[in-house]
Amino acid sequence: MVTRKTKLKNRGKANRAELAKRQNQRMEKRLDPAAASAARSLEIHPLVGPSERTEDAAVFNQEQRSKISEELQLEAVKVTESLELTYLGQFEDAIAKLKDIARSSPFSDWRLFVRGLHSFYSGDFETARQNWIKLEATRRPGRIASTLLLAETGQPLSDAITSAQKDLVEHAQTLRLRKNVVTAAEAIAKVRHRDPEVTFSVSQFAMLLNFFSSFRKLDPEFVSRVGQACVGLSIKQGDMEVFDRLKKIVPGPSDDPTWNRTKSIYMLDFEDAEDLMMKASRAYIEQDLPKLSGMSEPLKNALSCQIYLRVAAAEGEQLDGENRFGFSFGPSKVDYKSVHSLLRQAIKCYPTYRLPHEKLIASLKKEYDRNDRYDGAKLVATRLEKEILAAKEAMVRALPDEIEISLELIDIYLDKDELEKANALVKSLSGQRLEDPLAKALPWKLKLKEAMRLSRRKADLAMASKTLDEAELLWPVWLNKNWLPFLKAGLALRGGDQANFEKLTVEARESQKTSPFLGDLLTFAALQEMNIPGPDLKVFRTSVEPKFEKANELELSDLFSIGSFFWDLTRTGFQHKGYRMQASKAGKAFVNKLKSFTKEDLNPVQIDAFSWGAFHKFWPLGNNPLPSPEFVRRALKEPRLAAAILGWAVGQPWFPRNRITDYVPLMIIAKEAARTEKDAFYRYQFDKVSDGFNTIFQEFNEEEERRKSRGSTIDDDDEEYEYDEFEFEDDDEDDDEDEDDSLEEGDNSDEELCDCPDCQADRARASKVFEKELRTQPMGIADVFAKLGPDGTAKLAQIIQQEKPPEEFLKAIGKLFPNYGISPNEMIEFVRLMTNRGDAFNEDFSSRTDPDARAVAQSVDEIKAARKRREKELERKNREASRSRR
Amino acid sequence: MSVTANNAHQVLELKLGATPEELRKAYLALVRQHPPDRDPEKFRDIHAAYQLLSDPLAQATALLTPSRDKPDLMAVIAEAEKVRPRLATLNLLALGNEAK
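Each protein sequence line maps, in turn, to chains E and Y.
Take 1 as the starting number for the first sequence in my numbering and just add one per residue.
Take 887 as the starting number for the second sequence in my numbering and just add one per residue.
This is chain E alone, in the form it adopts within the complex (with noise of 0.2 angstroms):
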């Protein structure tokens, strides 16, 4: 973007000068000269008078104060500390600031002047002339009082006041009228915009500018606090270059002095100000917040651990983008550890926030769950697991009321078989009062567990029965039993006791009522997890194994019955052996089967095999995140089965949003569901998945809400902006209060651009330049379409619409369609989008005849349609602007 700044530049320097005192002329007429002058005239300053007390003058002059002793000096410096603590209204802390100041000392006199002053500017004359009485007449505090009193009420301090003060007098009471101030400020607050969209325009910029030169010294807090209005309202618009202007003059509030608070805020507004949004997030952080010395610690580690909260999430977002598409437009500037570096020091300045812990463990898992697609990805994975562990471990010690992750932890623990570290974590728990029933059945899996482990040791099978006993007393009402006296049959074996083994095999067989296959299953999975040896378990793992080999060949019967064990131990969080080697594999085949499964209504078994279907990803995600219909048809009847698919929604990374309303019936048939539900997990699981389902829901709206009222960025040069630099391109008079004069709309109008020699010239160059630019990035066109394979039309349309290229790029695309073999419909598609953006494209499409190419043609006349459409609408605007001028 040129900026009117560049572009006077190129007028020369006469004629700067000349538009620079023209605008000057114009800007006093609008800010009322009466004012402007009156101000001027006010601006009177202390003077060191020949019978001056070289103590008073030490107050605001340096060369006197040197003069003084030390400890004077620092008695001096309290007063002038105290002045300005009375000027922002912090009374007791300018009282407080002198109560060391003894009463032989000569600064007593000042310190009596304070606490009147006090009196005075809260209207209690009598009080601050009881004070101020004391005053030795001669002395500068004692001149003060009298001019003020005078001014104010008409009555000296004393009759040593004499009428050669008068012209003081007239000072004081000028000073305490605020009307001059305010008419200026008036002036600058009625500037009416013609277009709604401006907020803060250039015209009130310039307006501004005088305005603090003229009344900054009178009245410093009203300036400052009409300046901070001004910046207020000028980030409401959708350019930031007016804003960048204000931030340089008007100082900030006290706990954003240089605004990089306000402008890390104003640049989520944007889209592609990620760079200059984390730019002024970090010098917040780094630079002001340590400065902030009125802030206090706990408020100071919570900003920097919400910015670098914000920092992390738009790195993330960036990355997330360049994963989605696998390339950068440029070099890549974000990775994972960037983004997990900045979550950790989010967690270290507030580590009792649960949101990074979560961010961090989330982001962590996201990488992993990438990991695989690269090269050496098995030690990557080691590595990330650890520090996954690492994470939740930290998250729990910060927060050991936090169930979810205290529950994730310990199936973690019981994973690696650390009962110890598990025992110890449940323990902990045993605290709370705990609502989730999988916390609740914590020791009957800890119990589980225990026993399977006692079962490696021939030594300690009789404890491993004793304690799979007491699993069973802790069993969950909520959960099926049927694997349990599998796993006493495994006992026994494991024991030698051969017949044992069999009478309680075929017992739990019959009793269980379980298909042969499951039978075999539960029969060998109980066998794996009671450490029977690897000899003994081949003629069990026979009879499973191959047939998960083929199990596409299992009928639909064996695989419902396999599906409801599988989603126990789901659900249940436990990483049974039998379910880690097999489950993919026969959830591939389940989900094909249920094609031809035509029965609506389904029973407890079927429920169960339909919520572990949709809880795994057992469909290619494709570009349609909800699981096939089979699934969503029969969810919208089931509440269980609709809590399975948002249960697997909550927990994505890489959750598509743009079907995310695709399963808001789900949340309502699951939020509604848990009102009447009498199974205790369940009616858990229904509020827990539709309230996380609610919140991602919340947020994605949000940021559509967001995305929708961004405008756009200009560079952010850190060119430093004085009072007398800041120039008018438009150099004609133009003394009309309606404004029109947004620098976004003067920059983008053709008429604004010189057709000088010169600047054409420059403007080749900068061309060429930019060519050139397109020519050597990273990623070459041709790599583009390359990477893109052949859903790529699709692709480059979100690239499109989340990148935004610049439009020589997108025109080059198109140029290109023809030479890779893209198919016509996949053009017309590109072409639409193009439309839509009302941009220029390549037109040789339009002599083909076939009817593809003929709809390509038609897209191409739309686009010429909406161009001309546009250009009627920028002449129409010309017109009125001229209309308005003249």
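Simulated from the structure, these hints should not be mistaken for laboratory data.
Nothing here was measured: the structure is a model prediction, and the numbers come from that model.
If a hint is listed, it holds; no wrong ones were tucked in.
Over 10 angstroms on every C-beta distance to chain Y, these chain E residues come out as not near it, computed from the model:
#1 287
#2 481
#3 547
#4 548
#5 584
Which bits of chain E does chain Y cover? Going by a derived footprint, with three or more residues having C-beta under 8 angstroms, they are:
#6 77–84
#7 304–312
Beta carbons are placed, not taken as given, at the ideal position from N, Cα and C, and that holds for glycine.
Model the placement of chain Y on the given structure of chain E, informed by the hints.
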């Protein structure tokens, strides 16, 4: 008035870096002055400000949340007009210049 992170200190008549003790003290003092039964609206503001300021995370979140309201410059001016202006330090000191 709606209590925000930017005006919560003002509602409780506190300076920015107030300690938790100062916060509690100011809150109790103001609640005594504006009990909920007699001045429910003011009490609501005081309580909201206290809750915001006693939770640094909530305060930080509020400070980092973009304001949806457009600032009203005229309101700023009107508010300033109600307050008796204090004189800038140098101007105040100049009022004690010796008579010429």
